[in-house]
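Chain by chain, the residues run as shown.
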Amino acid sequence: MSALERAEIQRLREGSPWTGLWAVVAKEMADHLTSARMRILELLILLTAGGTVYVAMQQIRASIGSDRFIYLKLFTLSQDPLPSLIGFLGFLVPLIAIALGFDAVNGEFNRKTLSRILAQPIYRDALLSGKFLAGLFTLALVFSAIWLLIFGMGLIGLGVAPNSEEVGRLLWFLLATIFYGGIWLVLAQMFSVVFRQPATAALAAIATWLFFTVFWNILASLLAQSLRPIQYGFLQEALAQAELELALTRISPNTLYAEIAIALLNPTVRSLGFVLPFQLEGAILGTPLPLHQSVLLIWPHLTGLIAATILLFALAYVLFQRQEIRA
Amino acid sequence: MSEVIVTKDLTKKYGDFVAVDHLNLIVHKGEVFGLLGPNGAGKTTTILMILGLTEPTSGSIRVLGFDPTRQPLTVKAHVGYLPDQVGFYDELTAYENLIYIAKLNGLPREEADRRIESALQKVNLVEMRDKAVSTFSRGMRQRLGVAEILIKQPQIIIMDEPTQGLDPEGAREFLEIIRTLRAEGITILLSSHLLHQVQAVCDRVGLFHRGKMMLVGTVDELGRKVLGKAFRIYVETPNTTPEIIEALKQVPEAVNVRALNTTTIEVEATSDIRHEVAKTLITAGGQLRGLSMEAQSLDEIYAQYFQEVEHVRA
Ligand SMILES: Nc1ncnc2c1ncn2[C@@H]1O[C@H](COP(=O)(O)OP(=O)(O)O)[C@@H](O)[C@H]1O
Ligand SMILES: [Mg+2]
Numbered sequence: 001m002s003a004l005e006r007a008e009i010q011r012l013r014e015g016s017p018w019t020g021l022w023a024v025v026a027k028e029m030a031d032h033l034t035s036a037r038m039r040i041l042e043l044l045i046l047l048t049a050g051g052t053v054y055v056a057m058q059q060i061r062a063s064i065g066s067d068r069f070i071y072l073k074l075f076t077l078s079q080d081p082l083p084s085l086i087g088f089l090g091f092l093v094p095l096i097a098i099a100l101g102f103d104a105v106n107g108e109f110n111r112k113t114l115s116r117i118l119a120q121p122i123y124r125d126a127l128l129s130g131k132f133l134a135g136l137f138t139l140a141l142v143f144s145a146i147w148l149l150i151f152g153m154g155l156i157g158l159g160v161a162p163n164s165e166e167v168g169r170l171l172w173f174l175l176a177t178i179f180y181g182g183i184w185l186v187l188a189q190m191f192s193v194v195f196r197q198p199a200t201a202a203l204a205a206i207a208t209w210l211f212f213t214v215f216w217n218i219l220a221s222l223l224a225q226s227l228r229p230i231q232y233g234f235l236q237e238a239l240a241q242a243e244l245e246l247a248l249t250r251i252s253p254n255t256l257y258a259e260i261a262i263a264l265l266n267p268t269v270r271s272l273g274f275v276l277p278f279q280l281e282g283a284i285l286g287t288p289l290p291l292h293q294s295v296l297l298i299w300p301h302l303t304g305l306i307a308a309t310i311l312l313f314a315l316a317y318v319l320f321q322r323q324e325i326r327a
Numbered sequence: 001m002s003e004v005i006v007t008k009d010l011t012k013k014y015g016d017f018v019a020v021d022h023l024n025l026i027v028h029k030g031e032v033f034g035l036l037g038p039n040g041a042g043k044t045t046t047i048l049m050i051l052g053l054t055e056p057t058s059g060s061i062r063v064l065g066f067d068p069t070r071q072p073l074t075v076k077a078h079v080g081y082l083p084d085q086v087g088f089y090d091e092l093t094a095y096e097n098l099i100y101i102a103k104l105n106g107l108p109r110e111e112a113d114r115r116i117e118s119a120l121q122k123v124n125l126v127e128m129r130d131k132a133v134s135t136f137s138r139g140m141r142q143r144l145g146v147a148e149i150l151i152k153q154p155q156i157i158i159m160d161e162p163t164q165g166l167d168p169e170g171a172r173e174f175l176e177i178i179r180t181l182r183a184e185g186i187t188i189l190l191s192s193h194l195l196h197q198v199q200a201v202c203d204r205v206g207l208f209h210r211g212k213m214m215l216v217g218t219v220d221e222l223g224r225k226v227l228g229k230a231f232r233i234y235v236e237t238p239n240t241t242p243e244i245i246e247a248l249k250q251v252p253e254a255v256n257v258r259a260l261n262t263t264t265i266e267v268e269a270t271s272d273i274r275h276e277v278a279k280t281l282i283t284a285g286g287q288l289r290g291l292s293m294e295a296q297s298l299d300e301i302y303a304q305y306f307q308e309v310e311h312v313r314a
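Protein sequences, first through last, are from chains C and P. Just so you know, we're using full-length UniProt numbering here: the first sequence kicks off at 1 and counts up by one. Just so you know, we're using full-length UniProt numbering here: the second sequence kicks off at 1 and counts up by one.
For reference, chain C alone in the conformation it holds in the complex (with noise of 0.2 Å):
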């Protein structure tokens, strides 16, 4: 059969692709909710962020009054050996995300249920996206616990309830965190329509990630020393290769991840990348930017995780309609 009659039978298959669509929602999140794993990884997050918070707490009493984003403060300071709440996170969302994904379709397989799940009237979208929105939606579920814990540590920690400022960005701090699951949810899954083994596709999963933590900085920087290389010392040859290597780092969701936490949490940051003098004119240095602009300074950042994450859902899509379903 050509691509052409395979595409020709897929725009004309009847129904609609999402029939049974929240009936695996519902099952899926029901599953994450109460699996032991997930009581793990709710465990693990809880001591680090009241960990991380409390140790912030203390460090921030004694500004209290004279700082205008304490709240702010909750998730950035940090005090030797303990990093930061954001620092934690960039590690903790891609292991929850991957945890709720690496078994999606293997482990159905494996089980022996998915012939007898997709002999029932459904589409195979149905199952693959259902199992993404239902991982998203306990992603979401877990963070914006986790966000309300922060708040309550706050109020009683602090004494003093976060302006509409704070809680803006927060919240907006919190989509993005939920986004940066979603790439490493998707990640995952799709690890779990290649590999048979949930063991293999847990592995692949957290290589990608450790390969974008550790070693795409450097690879970036060496391909742009290659690639744009500084022959006479101008300055902008070095330019060049400045911006270069920033653009390379941005591929890595982590870096996206770090830069959007760094202009929500820090108000003062005007800009991510180089800042020539001249663009800083009329710009009173120090003086916080007001959300809507910090928003629009990560807005970049925020869709190019989520076009990555629908690029991965595609891919695994493809590759899942592909598989021969048979044990």
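Hints listed in this document are in silico derivations from the structure and should not be mistaken for laboratory results.
Some chain C residues judged to face chain P by a derived CB distance under 7 Å, without partners named:
#1 Lys27
#2 Arg116
#3 Ala119
#4 Pro121
#5 Ile325
Ideal Cβ positions, reconstructed from N, Cα and C, are used throughout, including at glycine.
On the provided structure of chain C, position chain P with the ligands as indicated by the hints.
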């Protein structure tokens, strides 16, 4: 509509390998059709194509008049499928597993509950309703698989190797369930390589070999086609003599006569000729102590047939 499953020149290739080769299959409403063949014959591939779970390379399929590649949802809504390996979510109860399937079929809650109760009753699992499936035996899982199918009240049920891996008691119980379903007017297509069990329930049988359907018919018809003889008559007589054997060989429709031991003679025949055999024996001066008959078992037909096929090929 009496033909509920029709395939025309249905073919599936994996690369150069032809798994199903121009298959023309017709299953009539209300019958139990057995797809028989050794492992690797292409039975599972055929079933997956009928359900729209695998795309055919060429040829056409109609299930209840629908095309499974274009109208998979309609087909899957009316056809129940029991895969060769039935798996459930072990940590969930029987009921939770079934309600998930009911929801995927779009059934409202009360209707789903009603159907689940009646399905569990039919397969004898009512008291296991709220037990985790991890505690179920292989036979119970298989029956739960049938309960799951019944929830959608299908017109056709397709079972892939349903008795495989069951102990004799479990297999017997399962065949009983198949008979009950048949009595309700559900059309059943089942595949197997365990023949003697299937022989007990199938109205018609298709012998499958290397992706081709070699023969189709009732068990009796197949016996006649393959062996030219489908009945075996055992004559008990205390004094077997060459004359008696010769006389029996003259009976029309007797194909093969031989003495098994000094007191038993075996007559293979194309129809039930017990009366003629008895008459001939007595006329020839023999004493009749006992007379019994065995219809040809499909096992033998099958073994013999595939022996012949291999032989021709060699
Ligand atoms: N995905 C596949 N790729 C290549 N060959 C396959 C695939 N699936 C099945 N086959 C081959 O097709 C043949 C028929 O398989 P199957 O339909 O499972 O037989 P049966 O169910 O009768 O045992 C077998 O020889 C098998 O090896
Ligand atoms: Mg098979």
